Every structure is written in structure tokens, then in C-alpha cells.
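> Numbering of the sequence shown is given in this note's numbering, commencing with residue 25 and proceeding in unit increments.
Hints were generated in silico from the structure; no laboratory data involved.
Small disclaimer: the values here were computed from a predicted structure and weren't measured.
Taking lysine-lysine and the DSSO-like style, the derived pairs with C-alpha atoms no more than 27 Å apart in a straight line are:
no. : residue 1 : residue 2
1   : Lys-52    : Lys-37
2   : Lys-72    : Lys-52
3   : Lys-52    : Lys-83
4   : Lys-37    : Lys-72
5   : Lys-93    : Lys-83
Listed next, with one range per pair, are the computed distances between beta-carbon atoms:
no. : residue 1 : residue 2 : range
6   : Ala-55    : Arg-82    : 21 to 27 Å
7   : Gly-97    : Ile-33    : 15 to 21 Å
8   : Thr-30    : Leu-110   : 20 to 26 Å
9   : Ile-68    : Leu-91    : 31 to 37 Å
10  : Ile-68    : Ala-27    : 43 to 49 Å
11  : Thr-175   : Tyr-132   : 26 to 32 Å
12  : Tyr-71    : Leu-91    : 27 to 33 Å
13  : Ile-39    : Phe-101   : 19 to 25 Å
14  : His-38    : Ser-112   : 32 to 38 Å
15  : Ile-56    : Phe-166   : 49 to 55 Å
Where a beta carbon is used, it is the ideal one built from N, C-alpha and C, also for glycine.
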Amino acid sequence: MVATGTMLIAYLKHICGMLSIASYRIEKAMAINMQQNINQEKIIIIYKGIICAVDIHRKATKFSQVLIKSFEGSFFFLIAAGMVCLSSTLVQVREVTDHNEYVFATVYNVQWYMAPLPIQKMMLFLLQKGTKAFHIILGGIFIASMESAATVNI
Numbered sequence: 025m026v027a028t029g030t031m032l033i034a035y036l037k038h039i040c041g042m043l044s045i046a047s048y049r050i051e052k053a054m055a056i057n058m059q060q061n062i063n064q065e066k067i068i069i070i071y072k073g074i075i076c077a078v079d080i081h082r083k084a085t086k087f088s089q090v091l092i093k094s095f096e097g098s099f100f101f102l103i104a105a106g107m108v109c110l111s112s113t114l115v116q117v118r119e120v121t122d123h124n125e126y127v128f129a130t131v132y133n134v135q136w137y138m139a140p141l142p143i144q145k146m147m148l149f150l151l152q153k154g155t156k157a158f159h160i161i162l163g164g165i166f167i168a169s170m171e172s173a174a175t176v177n178i
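Let the hints inform the model, and build the full structure from the sequences given.
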């Protein structure tokens with residue numbers, strides 16, 4: 025898995041390098057001073073530079089398509105495994121959230137208003153805590169809920 029990821033990164037860096045070379049070739053081809061006397065020789069040099077840049081760009085895009093096609097099976101299994109893990113984790117987190125909500129529903133549904141005043145104050149404190157949303161945050165960046173998972177753009 026690590027070797028596959030490392031090779032993918034190396035290939036993607038290679039494609040980025042090819043595209044940077046194509047950009048550089050276009051810049052250099054067009055760097056000829058257009059204000060000066062342009063003769064047929066300069067036009068041919070510009071054509072050659074642009075043709076070379078287009079050829080490199082074509083090779084880079086073709087290589088990227090071949091690369092993605094060859095890693096397609098690996099990507100499918102990685103995405104599928106990630107979705108299965110995320111879904112199973114979110115189901116468990118949802119169960120915890122449901123139990124948390126059940127505690128406050130129980131506090132609300134019991135006859136707390138019939139209890140002595142000190143108990144009523146404590147129950148009001150619990151009811152007040154129940155109005156605040158309960159979230160489990162995964163990795164410090166993702167609120168674990170089905171709603172959050174539904175908004176993730178893949």
C-alpha cells in the first residue's frame with residue numbers, strides 16, 4: 025500500500041514537471057521581442073517552440089490518463105474500504121449520540137416538576153445541558169455524524 029502510494033506520488037510529480045516544462049517552452053517561444061523586426065526565421069523558431077510545448081503537454085495528459093487507468097482498481101478498493109470504515113464508525117457514533125439524546129428525553133419525560141425544589145434545580149440544569157448539541161469530533165477536524173458525512177464532497 026505504501027509502495028503504491030509512493031509510486032503514484034512520483035508519477036504525479038513527473039506529470040507536473042512535464043506540464044511545467046511545457047509552460048516554460050511556451051514562455052521562451054513567445055519571449056522573442058515582437059516589436060523588433062520579425063522575419064521568417066523568428067517565426068519558425070516560435071512555431072518550433074510552441075509545437076514542442078504542445079507535444080510535451082499531449083504526452084503529459086496521455087501519461088496521466090494511462091496512470092489513472094492503471095491505478096483505477098487500487099483507487100476503487102481504497103475508496104470502498106474508506107467508505108466502509110467511515111460508515112461503520114458513523115453508525116457507532118450515531119448510537120452514542122442517540123443514547124445521549126435519550127438521557128435528556130428521559131429527564132424531560134419524568135415528573136421532575138413534582139420533586140423537591142433542590143432536585144428540580146438539578147433537573148433544570150440537566151434540561152439546560154440537553155439543549156446544547158452533542159458532537160464527537162474525529163481527528164479534531166470532522167464532526168462525526170451522518171449529516172456531516174452527507175456533506176462530504178468526494
